[in-house]
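Novice: Combine the two chains into a complex, taking the hints into account.
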Amino acid sequence: DTGVSQDPRHKITKRGQNVTFRCDPISEHNRLYWYRQTLGQGPEFLTYFQNEAQLEKSRLLSDRFSAERPKGSFSTLEIQRTEQGDSAMYLCASSLTPPPEAFFGQGTRLTVV
Amino acid sequence: TQLLEQSPQFLSIQEGENLTVYCNSSSVFSSLQWYRQEPGEGPVLLVTVVTGGEVKKLKRLTFQFGDARKDSSLHITAAQPGDTGLYLCAGYSGAGSYQLTFGKGTKLSVIP
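Sequences listed follow chains A and B, in order. Per this note's numbering, the very first residue in the first sequence carries number 1; after that it's consecutive. Per this note's numbering, the very first residue in the second sequence carries number 1001; after that it's consecutive.
Same shape as in the complex, but just chain B (with noise of 0.2 angstroms):
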C-alpha cells in the first residue's frame, strides 16, 4: 500500500511568515498534486507536478517535485490569512493509474 506522509499535521504562523510543509513517501509516484480544502468544501486544485526536480509557481506559492519522484513540498512566503486551509497533497501510483492517495494533510493556520 502506498502512502503519503504529510508533516507538519498542524502549524499556527503570524500573517507575513514564510512557511514549508510537506509531502514524503517511500514509493514512487507518476504525478502528484496539491490541493487546498476549506471547511466543509471539497479540495481545490491548486497545482499538479510531473516530473522529477520539477519546480511550479503559483504566486507566493512554490511547489517542487523531488528528484526521485517520492517527496514533494510546498513552500508559501508571506503568508497571509486567506491562506488558511488544509493543504492536501494526493498522487498517482503509475502511468495508468486510476486512483489518488492522499495523505492526511496540513491544517494551517495564518493568524492576522
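The following block holds chain A by itself, in its conformation from the complex (with noise of 0.2 angstroms):
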C-alpha cells in the first residue's frame, strides 16, 4: 500500500505525559501537513512541510506541539505535558506541489485520561 501511513492509530495517555506520533508521506510527495479533528468538527490545520522546512506553525496550538520532517521524508508530531482538551484524531496528510489533491492517512486518535 503506497497511501499516508500513521502510527500509531491508538494512544492513551496520562495528563503530564509526553506523546509523539509518526507519519510516512506518500514517497513522491514533497508536501506534508498535519491538522486536527474533534468530535463533531471537520479537520482543523496545524502545521505543514515542504520537504524539510516547516513553512508554517503559526497555527499549533500551543508551545507545547511540535513538529519536525528532519529529512524531508517521514514527520513526527510530538506533544508535551498532554492535556484533556488535546484529546482528538490527529490527522497527517501529504500531497504533491501546488496542490489541490491532498490525501490522508487513516489518522491516530488520542485519549488523554
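If you are wondering where the hints come from, they were derived from the structure by calculation, not from laboratory data. Because the structure is a prediction, the values reported are computed rather than measured. Among these hints, one or two may not hold up.
[Claimed, not checked] Here chain B is said to cover these stretches of chain A; the calculated rule only asks that three of the stretch's residues, wherever they fall, bring their Cβ under 8 angstroms from a Cβ of chain B:
#1 15–26
#2 96–103
#3 106–112
[To be verified] Each computed SDA-like pair below joins lysine to any residue, with the alpha-carbon atoms no more than 20 angstroms apart:
#4 Lys1104/B / Gln106/A
#5 Lys1056/B / Gly1066/B
#6 Lys1104/B / Arg59/A
#7 Lys1056/B / Ser1030/B
#8 Lys11/A / Gly1040/B
#9 Lys1107/B / Glu1054/B
#10 Lys1107/B / Ala1068/B
#11 Lys1059/B / Gly1016/B
#12 Lys1107/B / Glu44/A
#13 Lys1057/B / Leu1046/B
#14 Lys1104/B / Phe45/A
#15 Lys1070/B / Gly1096/B
#16 Lys1107/B / Asn1018/B
#17 Lys57/A / Lys1107/B
#18 Lys1104/B / Ser87/A
#19 Lys1104/B / Arg109/A
#20 Lys1104/B / Thr38/A
#21 Lys1107/B / Thr1084/B
#22 Lys1107/B / Ser1093/B
#23 Lys1104/B / Lys11/A
#24 Lys1107/B / Ser58/A
#25 Lys1107/B / Asp1067/B
#26 Lys57/A / Ser1097/B
#27 Lys1056/B / Glu101/A
#28 Lys1107/B / Leu1019/B
#29 Lys1104/B / Phe103/A
#30 Lys1059/B / Val1110/B
#31 Lys1070/B / Gln1080/B
#32 Lys57/A / Gln1099/B
#33 Lys57/A / Arg81/A
#34 Lys1104/B / Leu39/A
#35 Lys57/A / Gly1016/B
#36 Lys57/A / Ser1093/B
#37 Lys1107/B / Ser1030/B
Just so it is clear, CB atoms sit at the ideal spot from N, CA and C, and this is done for glycine as well.
Specialist: In C-alpha cells:
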C-alpha cells in the first residue's frame, strides 16, 4: 500500500505525559500536513512542511506542540505535557506542490485520561 | 476567516433514495475537495473541482462547483448502505494556499 501511513492508530496517555506520533507520506509527495479533528468538527490545520522545511507553524495550538520532518520524508508530531483537551484525532496528509489533491492517513486517535 | 457551511448536518434516508448535500461559503475558493470519512478513519478523497460551473461524476455521485466558486453540491443517486459516512467539503482559498479549510460535514445514514 502506498498511501499515507500513521502510527500508532490509537494512543491512551495520562495527563502530563509526552506523546509522539509518526507519519509516513506518499513517497513522491514533497508536502506534508498535520491536522487535528475533534468530535463533530472538520479537520483543523496545524502545520505543514515542504520537503524538510516547516513553512507554517503559527497554527500549532500551543508551544507544547511541535513537529519535525528531519530528512524530508517521514514526520513526527510531539505533544508535551498532555492535557485532556488534547484528546482528538490527529491526521497527517501529503500532496505534491502545488495542491489541490491532499491525501490523508488513517489518523492517530489520542485519548488523555 | 473563510468558512464552509455544510447542510444538512445529518441525513437519514432509505436505500434507493436520492439525496443532495450542500457546501456554501461567502468566499471564493480556488478549488474544492469532497472527502468521505468513516468512524475512526481518516478522510478519503472523492473528487476535486477547480473550474466554476464544473460537474464531475463518480459512478452514482455527481459533484458540482458553483459558477462563482463559492459553493458546491454532492448528489447521490439510488443511495446504498455503503454510502453511509461523513461527507466533508474542503477548499483552498487561493492558488498559492497550502491550508485546507473544512466544513463540519454531513453525516449520512442509508438504511437498508
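Novice: If a hint holds in the structure, say so; if it doesn't, say that too.
Specialist: Hints, one by one, checked against the model:
Here the region 15–26 of chain A counts 0 residues with a CB under 8 angstroms from a CB of chain B, which misses the bar of 3, and the coverage is violated. Under the rule that three or more residues need a Cβ within less than 8 angstroms of chain B, the assignment of the region 96–103 of chain A holds, with 6 such residues. Counting residues of the region 106–112 of chain A whose C-beta sits closer than 8 angstroms to any C-beta of chain B gives 3, which meets the bar of three, so the coverage hint holds. Restraint check for Lys1104/B and Gln106/A: the C-alpha separation of about 18 angstroms stays at or below 20 angstroms, so the hint holds.
Among the hinted pairs, Lys1056/B with Gly1066/B is consistent with the structure: their alpha-carbon atoms are about 12 angstroms apart, no more than 20 angstroms. Restraint check for Lys1104/B and Arg59/A: satisfied, since their Cα atoms lie roughly 19 angstroms apart, inside the 20 angstroms limit. Between Lys1056/B and Ser1030/B the alpha-carbon distance is near 16 angstroms, which keeps this suggested pair within the 20 angstroms criterion. Between Lys11/A and Gly1040/B, the direct Cα distance comes to roughly 13 angstroms. Compliance with the 20 angstroms bound is thereby established for this hinted pair.
A distance of roughly 24 angstroms separates the Cα atoms of Lys1107/B and Glu1054/B; the hinted pair therefore is violated under the 20 angstroms criterion. With a CA separation close to 26 angstroms, the supplied pair Lys1107/B and Ala1068/B exceeds the 20 angstroms bound. For a cut-off of 20 angstroms, the pair hint linking Lys1059/B to Gly1016/B stands: about 14 angstroms separates their Cα positions. Among the hinted pairs, Lys1107/B with Glu44/A is consistent with the structure: their alpha-carbon atoms are about 18 angstroms apart, no more than 20 angstroms.
The suggested pairing of Lys1057/B with Leu1046/B holds, with an alpha-carbon distance near 10 angstroms, which does not exceed 20 angstroms. With a C-alpha separation of about 13 angstroms, the suggested pair Lys1104/B and Phe45/A falls inside the 20 angstroms cut-off, and the hint holds. This hinted pair checks out: Lys1070/B and Gly1096/B have alpha carbons roughly 18 angstroms apart, not beyond 20 angstroms. The hinted pair formed by Lys1107/B and Asn1018/B meets the criterion: a straight-line CA distance of about 15 angstroms does not exceed 20 angstroms.
Restraint check: the Cα-Cα separation between Lys57/A and Lys1107/B comes to about 31 angstroms, which exceeds 20 angstroms; the hinted pair is violated. Pair hint Lys1104/B plus Ser87/A holds up; C-alpha atoms about 18 angstroms apart against a cutoff of 20 angstroms. For a cut-off of 20 angstroms, the pair hint linking Lys1104/B to Arg109/A stands: about 18 angstroms separates their Cα positions. Proximity of Lys1104/B to Thr38/A is assessed by CA-CA distance (about 10 angstroms); at most 20 angstroms being required, the pair is judged to hold.
With a C-alpha separation of about 8 angstroms, the suggested pair Lys1107/B and Thr1084/B falls inside the 20 angstroms cut-off, and the hint holds. At most 20 angstroms may separate the alpha-carbon atoms for a hinted pair to count; Lys1107/B and Ser1093/B exceed this at roughly 24 angstroms. At roughly 24 angstroms between alpha-carbon atoms, Lys1104/B and Lys11/A are farther apart than 20 angstroms, so this suggested pair is violated. The hinted pair formed by Lys1107/B and Ser58/A fails the criterion: a straight-line CA distance of about 31 angstroms is larger than 20 angstroms.
Between Lys1107/B and Asp1067/B the alpha-carbon distance is near 26 angstroms, which puts this suggested pair outside the 20 angstroms criterion. In summary, the hint linking Lys57/A to Ser1097/B is supported, as the alpha carbons are separated by about 14 angstroms, within the 20 angstroms threshold. This hinted pair checks out: Lys1056/B and Glu101/A have alpha carbons roughly 15 angstroms apart, not beyond 20 angstroms. Distance hint between Lys1107/B and Leu1019/B is fulfilled; the C-alpha atoms sit about 12 angstroms from each other, no more than 20 angstroms.
A C-alpha spacing of about 18 angstroms is found between Lys1104/B and Phe103/A, which places the hinted pair at or below 20 angstroms, so the restraint holds. In summary, the hint linking Lys1059/B to Val1110/B is supported, as the alpha carbons are separated by about 17 angstroms, within the 20 angstroms threshold. Proximity of Lys1070/B to Gln1080/B is assessed by CA-CA distance (about 29 angstroms); at most 20 angstroms being required, the pair is judged violated. Straight-line distance between C-alpha atoms of Lys57/A and Gln1099/B comes to about 11 angstroms, which keeps the hinted pair within the 20 angstroms bound.
Using a Cα cut-off of 20 angstroms, the hinted pair Lys57/A and Arg81/A holds, with the two alpha carbons roughly 19 angstroms apart. Of the supplied pair hints, the one linking Lys1104/B and Leu39/A holds, its CA atoms being roughly 10 angstroms apart against a limit of 20 angstroms. Of the supplied pair hints, the one linking Lys57/A and Gly1016/B is violated, its CA atoms being roughly 46 angstroms apart against a limit of 20 angstroms. The hinted pair formed by Lys57/A and Ser1093/B meets the criterion: a straight-line CA distance of about 18 angstroms does not exceed 20 angstroms.
A threshold of 20 angstroms between alpha carbons decides the hint, and for Lys1107/B with Ser1030/B the separation of about 25 angstroms lies outside it, so the pair is violated.
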